[in-house]
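Chemist: Listed in order, the protein sequences are those of chains A, B and C. Under numbering that gives the first Met the number 0, the very last position in the first sequence is 295; numbers go up by exactly one each time. Under numbering that gives the first Met the number 0, the very last position in the second sequence is 308; numbers go up by exactly one each time. Under numbering that gives the first Met the number 0, the very last position in the third sequence is 398; numbers go up by exactly one each time.
Keep in mind the hints are simulated off the structure, nothing from the lab. Note that the Cβ used here is the ideal one computed from N, Cα and C, for glycine as well. Hints are supplied without guarantee of correctness; some may be wrong.
Between beta-carbon pairs, the in silico distance windows are [claimed, not checked]:
hint	chain 1	residue 1	chain 2	residue 2	range
1	C	174	B	256	35 to 41 angstroms
2	B	52	C	197	28 to 34 angstroms
3	A	179	B	143	53 to 59 angstroms
4	C	197	A	6	40 to 46 angstroms
5	B	52	C	371	42 to 48 angstroms
Keeping only pairs whose Cα atoms sit at most 20 angstroms apart, straight-line, the calculated SDA-like set for lysine to any residue is [claimed, not checked]:
hint	chain 1	residue 1	chain 2	residue 2
6	C	231	A	265
7	C	231	A	1
8	C	231	A	132
Only some residues are given here: those of chain A computed to face chain C with a beta carbon under 10 angstroms [stated by the list, open to error]:
hint	residue
9	7
10	18
11	113
12	128
13	167
14	169
15	170
16	178
17	181
18	182
19	215
20	217
21	225
22	253
23	269
Chain by chain, the residues run as shown.
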Amino acid sequence: MDLLDLIDLVQSIADGILFGATYAMLGIGFTLIFGVMHKINLSYAAASVGAAYASLLLMTGVSVPAPVVFVFAALCGGAIGLVVYVVCFRFIPRANPLATLMSTVGLLLLIDEVIVHATDGGAKSYPALFSDVIIAAGAFNLRGDLMFVFALGCVSMVVLLLLLYRTRLGLATRAMSQQPLAAQLCGISVDRTNALTFVITGVVGGMAGAMIGAAIGVLSPLLSLPLTVKGLIVTVIGGLGSIPGAIIAGLLVGGFENFFQFFRGVSERDLYVMLLLFVFLVFRPGGLFAPAAGRD
Amino acid sequence: MDFYLGMIQIIGVHTLLGLSAYCVLLTGQVSMAQAGFFAIGAYVAGMLTVLAQWALIPALGVAGLMAGAVACAIGFPALRVKGLMLVVATVAFGEAVRLFFFNFDYQVARGEIKMGPHGGEGFRQIRYFPEHGWSTLDVALFVWTVVVLVMAGLWWMDRSRAGAVLRAVGEDELAAQSAGINITAVKVSAMTVGGVIAGLGGGTFAHYTTHIEHIQFGVVLATFAIAYPILGGLSNVFGTLLAVIFIQGFLVEGLRFLGDWRNLLFGGLILLAMNLRPRGLLDAKAVAALRRLFPGGKERSGAQAHGAQ
Amino acid sequence: MFKLSAALVAAFAVAGLTIAVPAAAQERTVKITGFGAKTGVVRVFGINSEAAMKAAAEEINRTGGVKLGDGATGRLTVEFLDDRCNAEEGISVVRRIASTDAFVAVGPTCSNVAESLFGILQKKAGDASDTGLQFPIIADVAAKGGLAKISEWSFRNVPSEFEMYKALFAWVKTQHPDLKTFYGGVEKDFAHSNATFGVMKAQAEANGYQVLGNTEWLLADTTFSTQIREMKRANADIVAIGAHPASTCGALKEMQRQGVKPKLLIGLTSSSSIETLQGCAAQAEGIIIPTSFAPVTDVAKKAADQVAKFNGSADLHSAAAYEVMFILKQVIEAQKIMAKPDTVAADRVKMRVGLAALKETDGLLGKIGRTPDREAIKPFLFVHAKGGAWTVLHTPAGS
């Protein structure tokens, strides 16, 4: 392998890590729902992509600056998050995790169908911010827009951690996830807390969806399923419930993807990512930042 | 008539897929890997009948056994984790199998045509049924013989100690372990049985669609596999059958007259079903109620309903 | 007295009319069922095919309908069923159609459905030991190479990508003699893209271009930086992309980002649709794609307008569906198909024989040839993306 190949390899890995920032953003929401709330919501990625699609409605006929579209996507995400809570979790008794799993699957199918019906299945161009900013670092080029996504991810992480550990809502959420009955007895409203948390994770998801659309350049209905799988992988590798873990895992997965692709080509790339995950699960099931051991 | 027989075939094969997930769900594990075992069964059976010119039943048998063997091998590492982690681990495994077949190329020349799996293009011309003069009725009867045998086997197992042990592990692992049950052995056995059933289903699937490719065995199929038992209820095997009839018969074919709305209703009705009947269409209460309809069932159903809840 | 004779005349007139009217207005409804994907990412294909079939039916009915075997006039109606691009469902749908009085079905959209579907048909017509379905199917969209030869009951009206790219590269050679090297990008996990890219590469080689290699991605891929970097390193004059609009746009946007500007850009036939322009009109500027439909002839323009009336858009795929309706009319009339409930089996055989016997059919861009393999040889032209719209670049002679 000569120098040119080596440069290409490092550049590839760097590109992968940067694109992993989008997985990281999605992973944050996933890990919150799965790790903190202990709810399996398989429709999360679809809802995020759906929120990004919804934000495109803002652009019909009018030229709107990209940041406004992103904010609108986040708001739509919040709204969809509330819908997810009411439709999938509110009315199903807590003792039926399988039922909520299946209901989120139903919602995933529904959201996908709504997107396909509204857009007739075609790819839609998505506005991007800083898409032409390329930061040159020696022989390497780094995508400015992806660094922005990474920065946004870090900011979200800080905001969410503050929310979880410094506010009453965060306290209520953590209490509910650890001991729901006791939390109720303390006067915490199950409904309100859950609904608010879903809205917040929805906002994060909407932003993630917008960032993914901006990073790829187009939105396509093909995105939901692969993103769901990636989000799950990132959550598991990062550790259920750990937000910094989700970010690091997102970057890792992005980097490894490109690493495998460089050596083994695109047909075998995903195979190795799956094997990587399997290895992780066998040797370090708690993920990178395993949550504090307690009653399961 | 052919149309209804075709539907019966589809319902049969999907019931096998659902039952393979049902087995594993009984032990409280959600396995998204059944589509992977289904794929293994499909490719193995297809290759045996097309490339090695085997008869159908031995080919299916080997397909089932191979899928079961892989399930057993996977079971040990996978079942070390629980809950969401298991979902992800099995998704990863299912995808790994699919990607394996995406890259799998094994062609044998027959005259001037090359037959066999051809990577991304799939495995075409698995024409055992038409070439050996099987009519649609023959195939439907064959599929349902397999299904009935599997259902009978599972029903019998449910009534025996094995079923009780499985469900005990599913209900409360700690208690089961305290009672002296070897959790790992039980879970891996359930996974293996599920793998065998999925392999049988996959082998049949390959033969009645005549063409298989990796895309068919992805996350969507895996989701359907667990959807059937969850939607149908885990009380007994008929729940899964009912769910398959509901989804394939009603949602897919019955709602055709709704045109475009059918697909929107698909997700919507699953949502509704889960909200209205969280324990499945045929949950313990429904089974008890059905029992009361039969003579002599009243006393039994009373005790069962109380016990099952 | 006068009143009585008037009444008698009136009575005779009425009687006469009642006897005469059924004999003169002998009309039957002939239902043609199409099927394809109206769900998922390929939903637009089903919508367009349905619109095209209905538009063609309306045109045929307007110009006198179809002449049936017993002299009656057939008025065509179209029904379209959704197979969701799923092989099992496609088989179900065709069995459903075969259980009605239909003597032919038009579809499917997706090549994987066609593979399974043509596989369950009887392989050789008249083979008593083969219990495959005996029902003729003519495909409008499923474009993967070599499908029609699976069964003698399967036919297709899709363009031959081999011919199109052969002509394209030969023409490019004459227009741009300075270009020497070729590099490709291909969507590896989509059978149609993969197969067509193979054709592109072969034709580039056959026309003397030096193939520097190719890079690969998957249908649902979201990042193309490694692949485009490989493309950049190769620095070829001509870049051909064998991918559908979603990943084509992703790749083109990455090319813009990395400053990769080949002298000539060639695309996949299926990407010559409005979808590519909706996704990345700016980046797709100048891409050349061979296609078997553009509103350049009078019939083509008229067909495009009619399809639009039925809420579809005319592109190479839906135009094929439009043409298929006229092919069916041609065969119904040539084989004297009766389209009656008691002649179903005979009609199906006649339809198969008729389709197999065709040497030439009418297309929207000119005459379409038929091959012994039950495929079509369609006239084609080259379009390129200019200013957010597809415009005709060149019409090859004899096309």
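Chemist: With reference to the structure, classify each hint as holding or not holding.
Modeler: How the hints compare with the structure:
Checked against the hint of 35 to 41 angstroms, the pair residue 174(C) and residue 256(B) fails, with Cβ atoms roughly 53 angstroms apart. Remark: the range hint 28 to 34 angstroms for residue 52(B) to residue 197(C) is upheld by a beta-carbon distance near 30 angstroms. The hinted window of 53 to 59 angstroms between residue 179(A) and residue 143(B) is violated, with their beta carbons roughly 45 angstroms apart. Look at residue 197(C) against residue 6(A): about 31 angstroms separates their beta carbons, and that is not inside 40 to 46 angstroms.
Separation of residue 52(B) from residue 371(C) is about 29 angstroms and departs from the stated range, judged on CB atoms against 42 to 48 angstroms. Restraint check for residue 231(C) and residue 265(A): satisfied, since their Cα atoms lie roughly 18 angstroms apart, inside the 20 angstroms limit. For the proposed pair residue 231(C) and residue 1(A), the alpha carbon gap of about 17 angstroms is at most 20 angstroms, so the pair holds. Between residue 231(C) and residue 132(A) the CA atoms are separated by roughly 19 angstroms; this keeps the pair inside 20 angstroms, and the hint holds.
Of the supplied interface hints, the one on residue 7(A) holds, with its beta-carbon coming within about 6 angstroms of a beta-carbon of chain C, less than 10 angstroms. Hint status for residue 18(A) relative to chain C: holds, with the closest Cβ pair at about 5 angstroms, below 10 angstroms. Because the smallest distance between the Cβ of residue 113(A) and any Cβ of chain C comes to about 12 angstroms, over 10 angstroms, the interface hint for this residue is violated. Checking residue 128(A) against chain C: minimum C-beta separation of about 14 angstroms lies over 10 angstroms; hint violated.
At its closest, the beta carbon of residue 167(A) sits 38 angstroms from a beta carbon of chain C; the interface hint therefore is violated under the 10 angstroms criterion. Of the supplied interface hints, the one on residue 169(A) is violated, with its beta-carbon coming no nearer than about 32 angstroms to a beta-carbon of chain C, more than 10 angstroms. Restraint check, residue 170(A) versus chain C: the minimum CB separation of about 37 angstroms is more than 10 angstroms; hint violated. Given the 10 angstroms rule on beta carbons, the hint for residue 178(A) is violated: about 40 angstroms separates it from the nearest Cβ of chain C.
Among the interface hints, the one on residue 181(A) is violated; its C-beta lies about 43 angstroms from the nearest C-beta in chain C, farther than the 10 angstroms criterion. Interface restraint check: residue 182(A) against chain C, minimum CB-CB distance 39 angstroms, threshold 10 angstroms, status violated. Nearest Cβ of chain C to the Cβ of residue 215(A): about 5 angstroms, under the 10 angstroms cut. The hint holds. Against a cut-off of 10 angstroms between C-beta atoms, the interface hint on residue 217(A) holds, since the closest Cβ of chain C lies about 5 angstroms away.
For the restraint placing residue 225(A) at the interface with chain C, the shortest Cβ-Cβ distance is roughly 5 angstroms, inside the 10 angstroms limit, so the hint holds. Taking 10 angstroms as the C-beta contact cut-off toward chain C, the hint placing residue 253(A) at the interface holds, the least distance being around 8 angstroms. Annotation: residue 269(A) was flagged as interfacial toward chain C, and the flag holds, the nearest CB pair being 8 angstroms apart, inside 10 angstroms.
The structure fails hints 1, 3, 4, 5, 11, 12, 13, 14, 15, 16, 17, 18 (numbered hints given earlier, in ascending order).
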